[in-house]
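Novice: Each chain is listed here by its residues.
Number of protein chains: 4
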Amino acid sequence: MKVWIVGIKGSVATTAIAGVIASRRYNLPKFGMLTETEDFNNLYLVSLEELEFGGHEIRDVSLLDAVRHNVVENGYLSLDIVNDIKKDLNDIEVHLGTVINCGDFITRMASEKCKGATSIREIEERITNDILEFKRSDDCVMINLASAEPHFDIMPEHKTLESFESGLDKDLKWIPASSLYAYCAIKNNIPYINFTSSLGNDIPALKELAVEKNVPHYGKDGKTGETLVKAALAPMFKYRNLRVEGWTGYNVLGGFNGEVLSKEENVIDTTKDKARVINNCLGYNIYSTTDIIYYPPVKNKKVAWDLINFRGFLGYSMRMHFTWEGADSILAAPLVIDLIRLSHFAKKKKIGGLLKPFAFYFKHPIECDIGNLHEQCQMLINWIKSYK
Amino acid sequence: MKVWIVGIKGSVATTAIAGVIASRRYNLPKFGMLTETEDFNNLYLVSLEELEFGGHEIRDVSLLDAVRHNVVENGYLSLDIVNDIKKDLNDIEVHLGTVINCGDFITRMASEKCKGATSIREIEERITNDILEFKRSDDCVMINLASAEPHFDIMPEHKTLESFESGLDKDLKWIPASSLYAYCAIKNNIPYINFTSSLGNDIPALKELAVEKNVPHYGKDGKTGETLVKAALAPMFKYRNLRVEGWTGYNVLGGFNGEVLSKEENVIDTTKDKARVINNCLGYNIYSTTDIIYYPPVKNKKVAWDLINFRGFLGYSMRMHFTWEGADSILAAPLVIDLIRLSHFAKKKKIGGLLKPFAFYFKHPIECDIGNLHEQCQMLINWIKSYK
Amino acid sequence: MKVWIVGIKGSVATTAIAGVIASRRYNLPKFGMLTETEDFNNLYLVSLEELEFGGHEIRDVSLLDAVRHNVVENGYLSLDIVNDIKKDLNDIEVHLGTVINCGDFITRMASEKCKGATSIREIEERITNDILEFKRSDDCVMINLASAEPHFDIMPEHKTLESFESGLDKDLKWIPASSLYAYCAIKNNIPYINFTSSLGNDIPALKELAVEKNVPHYGKDGKTGETLVKAALAPMFKYRNLRVEGWTGYNVLGGFNGEVLSKEENVIDTTKDKARVINNCLGYNIYSTTDIIYYPPVKNKKVAWDLINFRGFLGYSMRMHFTWEGADSILAAPLVIDLIRLSHFAKKKKIGGLLKPFAFYFKHPIECDIGNLHEQCQMLINWIKSYK
Amino acid sequence: MKVWIVGIKGSVATTAIAGVIASRRYNLPKFGMLTETEDFNNLYLVSLEELEFGGHEIRDVSLLDAVRHNVVENGYLSLDIVNDIKKDLNDIEVHLGTVINCGDFITRMASEKCKGATSIREIEERITNDILEFKRSDDCVMINLASAEPHFDIMPEHKTLESFESGLDKDLKWIPASSLYAYCAIKNNIPYINFTSSLGNDIPALKELAVEKNVPHYGKDGKTGETLVKAALAPMFKYRNLRVEGWTGYNVLGGFNGEVLSKEENVIDTTKDKARVINNCLGYNIYSTTDIIYYPPVKNKKVAWDLINFRGFLGYSMRMHFTWEGADSILAAPLVIDLIRLSHFAKKKKIGGLLKPFAFYFKHPIECDIGNLHEQCQMLINWIKSYK
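One line per chain: the protein sequences are S, E, F and P, in this order. If you read the first sequence in the numbering used here, its first letter stands for residue 11, the second for the next number, and so on. If you read the second sequence in the numbering used here, its first letter stands for residue 11, the second for the next number, and so on. If you read the third sequence in the numbering used here, its first letter stands for residue 11, the second for the next number, and so on. If you read the fourth sequence in the numbering used here, its first letter stands for residue 11, the second for the next number, and so on.
Isolated chain S (complex conformation) (with noise of 0.2 Å):
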C-alpha cells in the first residue's frame, strides 16, 4: 500500500518512515500507535511491511540527510540503525512540492525550484502526475506533515465546488499548498489526512467533492502534546464542578518545527485552536493564553509549561501546573501511522466524507463539538468496534 507524504523530509515524517522501516528489521517498540493495540485487533489493518512512501518536500536536502538531522541528532535512533536502513531510504521517491500561499518564512527555506511562477491548474496537474505514477494501481493515502502554513480565511468561491473549479480555472491563486494538495487527493480518490494546522481539506468545496467522490479525509492539526494533556485534564474540572479561572501555556521548542511556529504569521491558528479545546471541555469561555517560543537547546523535545487557576467550595482559589516534556515528532509518529491505516481501512469499508471519529487525533478536528478526549477516545473505540 502506498502512502504520500506532503513534507516527506520533515521531523515528523522522517521519525515516522525510519521508525517504520527500522522496525521491519529490529524489534522496536510501537508505544503510541493505538492501532497495535488489543482494541484494534482482527481488522486486518495494513501491516507495516506493506507501507509504502513517498512524498513532495520544497527543501533540497537528502532524505537521508533529514533523517540524520531529525532522528539521530534528537537520539531518536541511532546512527548504527539509520545505516542499516540507508538503502531503503534513498530508494524512497520524492518530488519537488509547491510553496503556494506558504509566507514569506517557509517559501525563503524552499527550493528556488518550487518557485516557478506557473499557473495553478499546472501546479495541480504536476502534484497529481507525481502522485499517480506513484500510485499506479495500488491503494493509496495522502497525509499532509508538511509546515503550518499562515492562517487563510474561507472565501466566497471557497464555498461550492462549481466556484471552487471555476476559480481554479480563472487561476485564481486564493488557495494555499495544503488545499491545493487536498483537492488532488480527493479527486483522485485517495484520502486525505491533514496532521498539521493548514488550511487543508477544511474547505466546504472539498467537502462537497469527498461526499461526491466517496472519499475518507480529516483533520486538522495532531493532537501530539500540551493540547493532549488538556483534553485529559480540563474535564476533571468539569466533572467536579470547580471553577477554572485561567489557563496560561507556555511551549518551548526548537527545531525547524519551533522556528517556523514561532513566527507570527504561522502561529495563529495553532494557539487559537488550543484555547478552543479547554472551553470545549468546561462549557464555559475562560482567560486562555498559549505562547509558542523557538528556543534551539531543547530540539524537537518539546517543554511546556502549564497554569491552571481554579475556584473551589466557598470560592477559595487554588491552582496546579505541569511541565510535559515530549519529543515532539515521537508523538507524532505513531499517530501518523495509525491515521494512514485507519483511513485506507475506512477506504475499503467504504466510508467517505469527513471521518469524525479521528477527533482523538487532531487538536481542531473539523465539525466536531466533543474536545474531551475521554469521549473522544470512546468515540473512536466504538467505531472500530461497529466494524469488527
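Quick caveat, the hints were computed from the structure, so don't treat them as lab data. Be aware that one or more of the hints could be misleading.
[What the hints assert, rightly or not] Straight-line C-alpha distance at most 16 Å; calculated EDC-like pairs for lysine to aspartate or glutamate:
#1 S/Lys309 / F/Glu255
#2 E/Lys248 / S/Glu255
#3 F/Lys309 / S/Glu255
Keep in mind it's a predicted model, so treat the numbers as computed, not measured.
Guided by the hints, dock chains E, F and P onto chain S, whose structure is given.
Specialist: Chains E, F and P in isolation, oriented as in the chain S frame:
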C-alpha cells in the same frame, strides 16, 4: 435532616459545616459540589438549609475555636463571617468519641475522658445513645471525617455478622473506632460514609449487616487532590498507548492532617491506595512511590509534586510532572456535602448495601475496579439519571 | 522628610505608603528591607515615622480606592487596617502628572487634564512648583514608580546639558515624562531614583547636571523577582564551569502592571535587560528569551517559570527549571523604602552623581557591569560600612 | 601521577576514569572542572594525561562492564568511544576492598572474598600493600568514591591518635571502612579526599595524624546537585532580608546510588547535612526536610524538587520551587578530578592538614562554617591565587 459527623472538629468537618451555615446568609460559591450542577436538578435532594449537624470528637477544643483555626487561619472564610455564624456553631451538639485502636499518635491527642477502659459493648451503647438522641425521628446520615487510623487487617471473626457480633459480646477489641461507628450507624438504619482511609465499613460482617438492614453505605478515603489528578491523567497514557515506566508523588501537607499522615503507622493505606489507582487505570503495574511529608508552612494547602516517566514510539523516554496546589479541606468539604445528600437520597429510594456509583468520590472505592475518573463520573451520572 | 512619588497611585507606591503608615500603628514585619538589618544600624537613617509622602499621578481614582484595589484585594493588608489609616491616606497630597511620550496605552488611561497641549517648559514649571510647594524647606527625595514607558533612544541633543536645555527652550518634545521628572528633581537638588524601566535619568545631560549640582541619583528598573533569582543563580553555573546553553523565562502577571508590560511598545527594555543580567554573570552570551504575559487570575502575584539548559562534563546536557511565585508590589515596596532612605543618606553625606553601589537594587544598574547578586550585595555593604 | 580510588567500579569513579581516558583521544568538553578555567592557569597542575588510576572495589563485576553499565547506559559516553578505550580500562589495577561496618545493604552486595574475618590490622596491612605496590615511587592521591556508609558516631577512642592506634592493636572494630582507608592513606603520606557522606577522615585522631605527617586531606560529601543550588540560592533570601519559613526537598534517584541512599541506615548523614547548608547560609534555623527516593526510571539522572516558603514585606507569604535535573556522576566526576589535581598541588606546596579552601566542593565541609557558595568560591580562588 440530621448529619452526624465523626471527627466534627477536624479541618474537613469544620470547613463543611461553617461553609454550609455561612452560605445560608451569604451568597458564597458552591464550586466543588456536583449536587449543585444541572445533572442533579429535579431530584429533590435535601437542601443545604435543612442540614442539621452534630457529631463525635476526641479533642477538647471548642467547635468555634476549631473553626477559627481550620477555616479562618487558612483564609477559607473571613473572621467577620465566622463571627456572624457564631451562634449557629455554638448550638451544634458534640459528644466525646472513642479512640479505640486509633494508634498512639491520635490517642495522645485525645481528651482523657475518651480513653476510659470500658467494654466495647459499653462504648457502642454510648455512641448509639448519642446518635439516637440527636437523630430523634428525623432522617440521619453518618460520615466519618476523623483522622486516619493505623492499618488494620481483616480477621476471621470479621467475616460474618454472627462471628463479628459474638466477638463484640466477648469484648474482643479487634476493631478500630471507625468500624465501631460504622456498626452503630448501620445497625440503627443510618447510612454511613467513610471519607477516611480507616477500615470503617470495609468489613464483610458490616457489609452483611447493611444488606440485611438495607442501609446504604460506602467509602473509602475521599479523593480530593493528587489522586484526583492521577485518575484523570493516567487514562491519557492508556488511551494513547504510551507506556508508563514509573510515577512518583511527593505530598507536602501542614496542619493536623499532615502531621497524622506523616506518621509511619497512619500512612500505609493512603499511599498504597494511590498506587492502585494508577495501575488500575493503566491495566498494568508500574514502579510507583508516594510520600507524605508534614511541612507546616503550607498549612492545610497541600502541595503535591508528581513525576511521570513514560515511553513512546521506538521506546523513546519522555516525562511530565505536575504540581497540585489544592486546599485540602476546600476540596473535601463539597464532596462531603454531596455524599450526605446522595446517601440520604439513596435511603429515600430504598437502595441499600454498597453504593458503588459513588466510586467517583473515593481513592479506594470499596469492591469497585474502576479507577478511571471519566468512567467513574459516567457511572455516577448514569445512576442519578436513572432516578430522574 | 518628604518623599515625592511619581505614579503615587500605582501598586508599588500604594503598597509602600500604606505599609509604612500601617507599620506605625501595627507591629508589621519589615522583611524585604535591608535598612532594617544589622548591617545598617547606627547610620542614623531617616526613620519610617519621619517619611511624609506626596506625588504625581495621571489617573483620576482616589488614593484610598487605589490602596483598596492594590493592597487589600491582593491580601497584602486587611481592610480593617486600611480603614484604620484612612485619614492618613486621605491627607496625602497628589497632583496631576504628565504623560508626555508615555505611549498610547498609558495615555489612554490618563485623566483628560494630563493631556493638555502646553509647552514642555510649562509642564516642567508645573511639576517643579508642585514639588517645591510640597518640599518647603525639608529634605526631599523623588522616586519614579510610574508605569513603564515605551523605549526611547538617546538623541544627540541629550548628550550635553547645554544642548538639552536649549532643546527644552525650543520646545522639542523629545524626552519622555520620566526624564522630565528627573530633570525637575536634579535641577532642584532633590535626589532622584528611577525604579522603572523608563529612560528617566539615564541621559548624559542629566548625569552632567547631577554632577554639577552634586545630587545623588540612580536607576533603573527595580530588581524584584525573576531577575533577582537569575542574578543569584547564574553565578552558580559560572563558578562550577557548567556551560549554560540557553535560558528561557515566562512571566505571568495580572493587574495593571501586567497589562502595561504585555504591550509590545512598553515591554522592550524590560526583557532586554533581563537577558543582559545572565550574560553579564556568565561572561558569555547565551540564547535567552523572556516573555511577559498579562494573565488576570494571578493579579499582582507574579508567577515566573524559567528553564535553564546547561552542559557538564563530556558535554552532557542537563537542565533545571524554577517557578517563582512572588507578590510583585510586596517585593518592590521595601526596596523603594530602602532607596528613599539611602539616597537621603547619600545627600546628607554630600555624595552626588550616580550611586553605583545601589546596583543591587536594579535590573539594569546604570553604568555598572556587575550583574552577580553576591558581588552587588558586597558592594553595597562595603559602601555603607565605609560610612560607619 | 597515581590516583587510588576507593569504590573504583561505582558510577562516579567510572565516569571520571572513562571521561579522563576518553578525553585523551577525543576532544570532549571538560565543563564542570574549575581546574580547566583561566583562574587555574599557570599553576602547573598535573595534566589529565599524567593521571594513572587504580583502586579498591567490593563487587565482582569487571571494570569494563561497570563502565558500560554506568557510563554508556546513561548516555554519558557512546559505546563506540568506550570500545575504543577498552584496553586502557582493562589495564587498570583493581583490588578487593573491605566492607567493615558498611551496613547490611552494602555488605550483601560485596564479593564473598571481602567478608573474611581477619583482624583490623590485617585488613589495614592488605590495603596498604595494595596501595604502596601501585604507588611505587610516584606521587599518589586517594579519593573515596564508595557508597555511603551508615552513620557512625565518634567514640572516645577516636579522640587521640594514641588511643585510636591502640584500639586498632586491640582489634576493636569500631571504625567504618572509609576511616580505615583514610588512616592507611594519611599514614603513608598520601593525600586523602572523602567525596562521600561516610565518616572517613572526620575523626580527631586522623586529623592529628595528618598534621603530624603534614598530609593534606579533606571532605566530606561532594556537593553536586540539589545542595549546590541551595548554597547558591539561600544567600539570596539573606541578602534581601526575605524570611525563609521552610524548605522541603525531594530527591529522586535511580541506579545503585539511589538504592543505597534510600536505605534508612545509609541516608541519615546526607539529609542532615543538607539542612545544615541552608541554616548556615541564612543565619537562622528553618523547618526543613529532605527525602531521597529510589526510583529506577530516572537512572543516574537525579531529579530534585524543592519548595521554599518565605515571607516578605508586611509578613506576606510567597514561595518558589525548582526542579533540578542533573546527571549525578556527570556532575561529580569533574569535581573528583579537580580535587585530585588540587590535593596533589597542596602536597607539592607542602600544605598539610585540613584543606578548608576546598569547602566549595563539599556538602559538609569539615570544620568550616561557610555555607554560602559565593563565599566558598571566593575562598578557593583566593587560595589558589596566593600560590600564583
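Novice: Hint by hint, say whether it matches the structure.
Specialist: Outcome of the hint check:
Distance hint between lysine 309 of chain S and glutamate 255 of chain F is fulfilled; the C-alpha atoms sit about 12 Å from each other, no more than 16 Å. Between lysine 248 of chain E and glutamate 255 of chain S the alpha-carbon distance is near 29 Å, which puts this suggested pair outside the 16 Å criterion. The hinted pair formed by lysine 309 of chain F and glutamate 255 of chain S meets the criterion: a straight-line CA distance of about 12 Å does not exceed 16 Å.
In summary, the one numbered hint that this structure violates is 2.
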